[in-house]
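K.L.:
Residues per chain are reported as follows:
There are 2 protein chains.
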Amino acid sequence: MDMPHPSPAILSRRDQIVAGLRALLPGDAVIDDPAETRAYECDALAAYRCAPLAVVLPRTTAEVAATLRFCHDNRVQVVPRGAGTSLSGGSMPTADSVVLGVARMNAVLETDYDNRFIRVQSGRTNLSVTGAVEAEGFFYAPDPSSQLACAIAGNVAMNSGGAHCLKYGVTTNNLLGVTLVTMDGTVVELGGPWAETAGLDLLGVVCGSEGQLGVVTEATLRILPKPEGARPVLVGFASNEVAGACVSDIIKAGILPVAIEFMDRPCIRACEAFAKAGYPDCEALLIIEVEGSDAEIAEQLARIKSIALSHDPVEFREAADEDQARRIWLGRKSAFGAMGQINDYMCLDGTIPVSSLPYVLKRIGELSRDFGLEVGNVFHAGDGNMHPLILYNANTPGQLETCEALGAEILKLCVEVGGCLTGEHGVGIEKRDLMGVQYTPADLEVQMRVKDVFDPRWLLNPAKVFPLDASAGRRAG
Amino acid sequence: MDMPHPSPAILSRRDQIVAGLRALLPGDAVIDDPAETRAYECDALAAYRCAPLAVVLPRTTAEVAATLRFCHDNRVQVVPRGAGTSLSGGSMPTADSVVLGVARMNAVLETDYDNRFIRVQSGRTNLSVTGAVEAEGFFYAPDPSSQLACAIAGNVAMNSGGAHCLKYGVTTNNLLGVTLVTMDGTVVELGGPWAETAGLDLLGVVCGSEGQLGVVTEATLRILPKPEGARPVLVGFASNEVAGACVSDIIKAGILPVAIEFMDRPCIRACEAFAKAGYPDCEALLIIEVEGSDAEIAEQLARIKSIALSHDPVEFREAADEDQARRIWLGRKSAFGAMGQINDYMCLDGTIPVSSLPYVLKRIGELSRDFGLEVGNVFHAGDGNMHPLILYNANTPGQLETCEALGAEILKLCVEVGGCLTGEHGVGIEKRDLMGVQYTPADLEVQMRVKDVFDPRWLLNPAKVFPLDASAGRRAG
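The listed protein sequences correspond, in order, to chains A and B. Residues in the first sequence are numbered from 11 upward in steps of one, following this note's numbering. Residues in the second sequence are numbered from 11 upward in steps of one, following this note's numbering.
Here chain A stands alone, though its shape is the one from the complex:
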């Protein structure tokens, strides 16, 4: 993965920059000891690493503003970081950049159950947002797999989703407002606890902007009352095609399960070997979960059962109790771990029309054979958000490159059928050079001009999202 060469001028001023930051911030907020900055050299796209010039860990919006203003005035690039769980390299630093991490900003600032919102500092982890309101019977809906660790700041940057976003939407559907600090240190409030926007909806464009427009320091999030209960069913099919058709029919019937998870044979086998969840030996498997009151659950499951049975499943398994429900989810929840047992893997994130699932799965199988690397598929089928896992061996020379090339072909396939490079992981560095597959140069130009508005010097996370050659002129400025 190409990254721009670090600026010798900045590197030569390292001590001066660190001293300047220390003068502005509390003593423990600035880290420049290489032994400590190493922890920030990569995120969850761990194949790519580079230690930053320094790391700043502020505790307040004012400290974030002071840091950004200083870096702006000194033309130092800043890479914002939530919890470092990005799968697309969104918080990977360069050697001449300062990492601005919000991990210490994790306070709950306000909860309002009447109006169903919570306001938190952006470093708070996703799961601990729910933790702060669950005693009152509420929860925060977006649930990325990394929810135990990932920060709201990263969720906003990447517009994160999760298994339950079929029903509840992704981050942008649950985000009411943010406090944003732009690169020159200006603090802006966008949206608010209840506000529809008058004027331009800048909150919408900030959500998913991958830390390129500003640093989000506080977020107001919608919270929802916990449903009374939830129950999964497991349905096994003799082919991907039939499983895909079943997903289409459920969606088309207007049923809205909270999750429809799809696993193909390579993934089922790996999970079964790893977790011994008792999954059937079949080509494709759906886990469909519905929630609500007992009556609502029963009604929805009856409709789903009738649709599923019309597709001649090899297995239809209902969960009679909590323990059976847990067992149905067990394999799915350990899928990434199970695949990791077999080999290193790269997890893609293309999103496609639900109706092209069978075609795309067939083509992925063909590409997998052509490139000689196994691909397991486990994904949120209800909204067409694929997660192909390409298995490779990092210690075999050339395999990472083969894996990247296969990944690029799969993502091109997603765009070709009318889908998108990324459903929830973001572009980062991983898909940066594929943006030209999705967008024309004119499209990219308009997007870059919006970045110009917020960050005219292109100092904030600049080597991400846009192909390096497309952004070259701006980054040099």
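Hints listed in this document are in silico derivations from the structure and should not be mistaken for laboratory results. One should not assume that every hint holds.
All copies of an identical chain are treated as equivalent in the list; a pair is satisfied when it fits inside any one copy or across any two copies.
[Claimed, not checked] Below, computed lysine-lysine pairings styled on DSS-like, alpha-carbon distance capped at 27 Å: (1) K177 x K343; (2) K372 x K315; (3) K372 x K236; (4) K286 x K422; (5) K422 x K315; (6) K236 x K286; (7) K286 x K262.
Remember, it's a predicted structure, so these values are computed and weren't measured experimentally.
Given the structure of chain A, go ahead and fit chain B onto it with the hints provided.
P.N.:
Chain B alone, transformed into the frame defined by chain A:
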């Protein structure tokens, strides 16, 4: 309402401009006969009028692009127009501007039931989108009161809502993609039938941008399967406070009716006198509608009933059949007509936190007495979207001004309690000079800079949304 003085230079070139447009477009696409342009002198905010320089009614994206490019090159301002149903003056012209109306662009371009979307030209009316898919059991969810007449182009420009948006969201939640023509004639595709966005979410910022970023010529819209049935209940209360508390409790319990409509005493009386729907004589009335299968409806209504009864309503009326359901809705649906029978009225659109409903209604009552103008309240209570109707007599000198002053106070009140100037009608010219109440100069500057990106010369609908003094320097350029 102040509007900028028309440019003498443009007015003096009127014939030349019209001839230039005629050279580009089919004969019947350009209208400049004053008898015909008069139909375009105002929208539904009919208190303000001004005939435009000319009207262009293209049939294709290419004709829109040609018109915009010509106007851009000749520095002629363009006012985009859907069906002219804007309540905020969003499509009101100035004497030196060309109105670009999309009314003739009303074709259905594609329907896809498997993937649940429809692609239409943007002049198609809201209701006829549903009309195009209802035979297959689908519908388009956003339902502004003007849905029989209003165009999708205007819905996108204003991010329109409707009575049912509590459950289904507003336009931005149902809009998947647009074809946008920017002022210089560039055609851009944003979003798409299934795509989450990679890179910046420009679709989100275009939706609700009030025709200031570009002209939307085609839109891809999510369609939903029609629910099996729907049923309303009517609940009367002895005070606004108790009705407001009941709304809060329903929302807090996690029940999601498709609509919770609220009417206060002045409005109940006017509706009853007009439509004779048999409404109870009480201080506040809620109409709550739920939908789904019979079992789902029964279950939701039982929970709503139990909450409502705990607030000691003066009346709780269930609809036993279609006819009773129709009668419950009858008064509400004729509310605007009923108020119009009494007097002229101005309809506001402030949005507030649901929990401050009782306080805001009490303050509106006090302001109404202070200003000596009656105010009726009928609104979408579930999401706090108020619609105060101020009654005045247009023939009494000074009453329009008093009405505007009262309206401004009510909107300031909405912002003061943490709400917003507009829930669904947009800023237009109506709330333009109040934007400073909601936003700081720095906030407005960032929004205007985003407009700069799309329309550097500020030729597209320029005298709207932003206070005239704030946008003066840009409009002059």
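K.L.:
Next, verify each hint and record whether it holds.
P.N.:
Taking the hints in turn, this is what the structure says about them:
1. K177 x K343: Result: close within a single copy only, 19 Å intra versus 30 Å inter.
2. K372 x K315: Close inside one copy (26 Å), not across copies (51 Å); limit 27 Å.
3. K372 x K236: Result: close neither inside a copy nor across copies, 38 Å intra and 33 Å inter.
4. K286 x K422: neither (35 Å within a copy, 61 Å between copies)
5. K422 x K315: neither (35 Å within a copy, 53 Å between copies)
6. K236 x K286: neither (30 Å within a copy, 41 Å between copies)
7. K286 x K262: Neither: 33 Å inside a chain and 41 Å across chains, both beyond 27 Å.
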